Amino acid sequence: MTDVTGASADVLHTLFHSDQGGHEQVVLCQDRPSGLKAVIAIHSTALGPALGGTRFYPYASEAEAVADALNLARGMSYKNAMAGLDHGGGKAVIIGDPDTLKSEELLLAYGRFVASLGGRYVTACDVGTYVADMDVVARECRWTTGRSPENGGAGDSSVLTAFGVYQGMRASAQHLWGDPSLRAKRIGIAGVGKVGHHLVEHLVAEGAEVFVTDVREDAVRRITERHDKVLAVADTDELIRVDGLSVYAPCALGGALNDDTVPVLTAEIVCGAANNQLSHPGVEKDLADRGILYAPDYVVNAGGVIQVADELHGFDFERCRAKAAGIYDTTLAIFARAKADGIPPAAAADRIAEQRMAEARRKR
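Residues in the sequence shown are numbered consecutively from 0, following numbering that gives the first Met the number 0.
Please keep in mind that the hints were generated in silico from the structure rather than gathered at the bench.
Please read all numbers here as calculations on a predicted model, not as lab measurements.
Careful: at least some of the hints might be erroneous.
Within a straight-line C-alpha distance of at most 25 Å, the following computed SDA-like cross-link-like pairs (lysine to any residue) qualify [said to hold, decoys possible]:
no., residue 1, residue 2
1, Lys-228, Gly-254
2, Lys-338, Leu-252
3, Lys-284, Leu-244
4, Lys-284, Tyr-327
5, Lys-36, Ala-59
6, Lys-338, Arg-320
7, Lys-322, Gln-354
8, Lys-322, Lys-36
9, Lys-228, Thr-265
10, Lys-284, Glu-205
11, Lys-228, Arg-240
12, Lys-284, Lys-362
13, Lys-322, Glu-353
14, Lys-228, Asn-257
15, Lys-284, Gly-313
16, Lys-284, Asp-340
17, Lys-338, Thr-265
18, Lys-338, Glu-205
19, Lys-36, Leu-84
20, Lys-36, Ser-115
21, Lys-284, Thr-265
22, Lys-284, Lys-322
23, Lys-338, Pro-97
24, Lys-362, Gly-117
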């Protein structure tokens with residue numbers, strides 16, 4: 000069933016009625032000459048202009064793209080709130096294969112759509128988009144971050160994203176084992192792309208025993224050629240079953256923690272860079288029931304958004320790094336709240352973020 004616009008009724012129900020909805024604005028964008036089809040979702044501007052990246056991905060359907068934009072935008076509201084930023088949450092997705100569809104014309108058209116929102120949404124990089132892409136988008140839209148230093152930006156935000164995840168791991172280790180050191184711990188990283196390969200560097204430097212996997216052989220090869228002690232495994236299914244795994248770090252796409260993976264996961268801690276790691280409500284309880292400590296994804300992967308937010312005010316890397324280091328204390332505070340309230344850490348993080356957003360709305 001569809002309405003007169005051709006939009007799926009399921010999509011409209013999600014937007015207006017479901018727990019995944021509650022978004023302030025959703026914009027469908029199309030530029031036929033360039034082939035652009037995009038969705039911009041603004042979940043909340045309670046704390047300030049919505050801030051979130053642009054994902055370029057070959058979705059199986061338009062409905063799947065809309066659903067992803069809605070979920071990612073909602074996650075950005077919580078992430079920005081927990082990071083202490085004066086920004087709400089938003090996200091954009093461009094539908095298509097970036098290797099074949101991406102062009103200057105398309106990115107400029109996308110920039111014009113973002114600009115038409117007048118600053119309610121500030122964009123940045125995400126899966127499938129890079130610093131060079133944001134430089135092009137910025138030619139049509141001043142509300143663009145993640146640009147190159149040559150064009151007034153901060154450059155690659157994956158460096159601080161990985162640093163924040165590393166701090167989240169250290170906090171998890173402190174909470175579970177009474178020591179933040181990851182030395183000699185077995186850590187499995189699924190996805191060693193933009194963020195994952197930086198995370199490997201932190202862990203190798205500390206003396207962790209690192210296992211990696213990625214769907215791209217060249218990404219794995221880049222790691223193993225640089226670090227001969229890093230071990231590659233065939234796929235994620237093998238990684239999550241590694242004997243004696245201390246930490247599992249999902250660093251690719253979402254949904255890594257689900258009804259199939261959680262029962263066989265050998266790790267004691269899950270802490271990774273991927274967004275929306277919990278495939279559905281209830282997975283956080285499944286993890287807790289198995290005694291697996293889950294560091295909420297949107298808390299530990301906030302280093303990148305801390306960086307791009309700072310870009311709007313005159314970027315200073317050391318200032319951003321100091322703020323990203325605070326992810327350690329934030330993660331410990333969430334574990335403490337979870338213990339006090341008798342709830343999983345994911346629920347505790349949600350409560351803290353929702354409280355901050357509610358207080359901001361009351362002050363309006």
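Status of each hint after checking the structure:
Under the criterion of a C-alpha separation no larger than 25 Å, the hint pairing Lys-228 with Gly-254 is inconsistent with the structure, at around 29 Å. With a C-alpha separation of about 29 Å, the suggested pairing of Lys-338 with Leu-252 is violated against the 25 Å cut-off. This hinted pair checks out: Lys-284 and Leu-244 have alpha carbons roughly 20 Å apart, not beyond 25 Å. Using a Cα cut-off of 25 Å, the hinted pair Lys-284 and Tyr-327 holds, with the two alpha carbons roughly 23 Å apart.
A threshold of 25 Å between alpha carbons decides the hint, and for Lys-36 with Ala-59 the separation of about 13 Å falls inside it, so the pair holds. For a cut-off of 25 Å, the pair hint linking Lys-338 to Arg-320 is broken: about 29 Å separates their Cα positions. Between Lys-322 and Gln-354 the alpha-carbon distance is near 21 Å, which keeps this suggested pair within the 25 Å criterion. Our distance criterion of 25 Å between C-alpha atoms is broken by Lys-322 and Lys-36, whose separation comes to about 36 Å.
Taking the CA atoms of Lys-228 and Thr-265, the gap is about 21 Å. The hint holds against a cut of 25 Å. This hinted pair does not check out: Lys-284 and Glu-205 have alpha carbons roughly 31 Å apart, beyond 25 Å. This hinted pair checks out: Lys-228 and Arg-240 have alpha carbons roughly 19 Å apart, not beyond 25 Å. About 34 Å separates the Cα atoms of Lys-284 and Lys-362, which puts this hinted pair outside 25 Å; it is violated.
Only pairs whose Cα atoms come within 25 Å are accepted, and Lys-322 paired with Glu-353 is accepted, the gap being roughly 21 Å. Among the hinted pairs, Lys-228 with Asn-257 is inconsistent with the structure: their alpha-carbon atoms are about 30 Å apart, more than 25 Å. For the proposed pair Lys-284 and Gly-313, the alpha carbon gap of about 41 Å is over 25 Å, so the pair is violated. Proposed proximity of Lys-284 and Asp-340 is supported: the alpha carbons are some 14 Å apart, at most 25 Å.
Proposed proximity of Lys-338 and Thr-265 is supported: the alpha carbons are some 23 Å apart, at most 25 Å. A distance of roughly 29 Å separates the Cα atoms of Lys-338 and Glu-205; the hinted pair therefore is violated under the 25 Å criterion. With a C-alpha separation of about 30 Å, the suggested pair Lys-36 and Leu-84 falls outside the 25 Å cut-off, and the hint is violated. Our distance criterion of 25 Å between C-alpha atoms is met by Lys-36 and Ser-115, whose separation comes to about 16 Å.
Proximity of Lys-284 to Thr-265 is assessed by CA-CA distance (about 16 Å); at most 25 Å being required, the pair is judged to hold. Pair hint Lys-284 plus Lys-322 does not hold up; C-alpha atoms about 30 Å apart against a cutoff of 25 Å. Under the criterion of a C-alpha separation no larger than 25 Å, the hint pairing Lys-338 with Pro-97 is inconsistent with the structure, at around 43 Å. Of the supplied pair hints, the one linking Lys-362 and Gly-117 holds, its CA atoms being roughly 23 Å apart against a limit of 25 Å.
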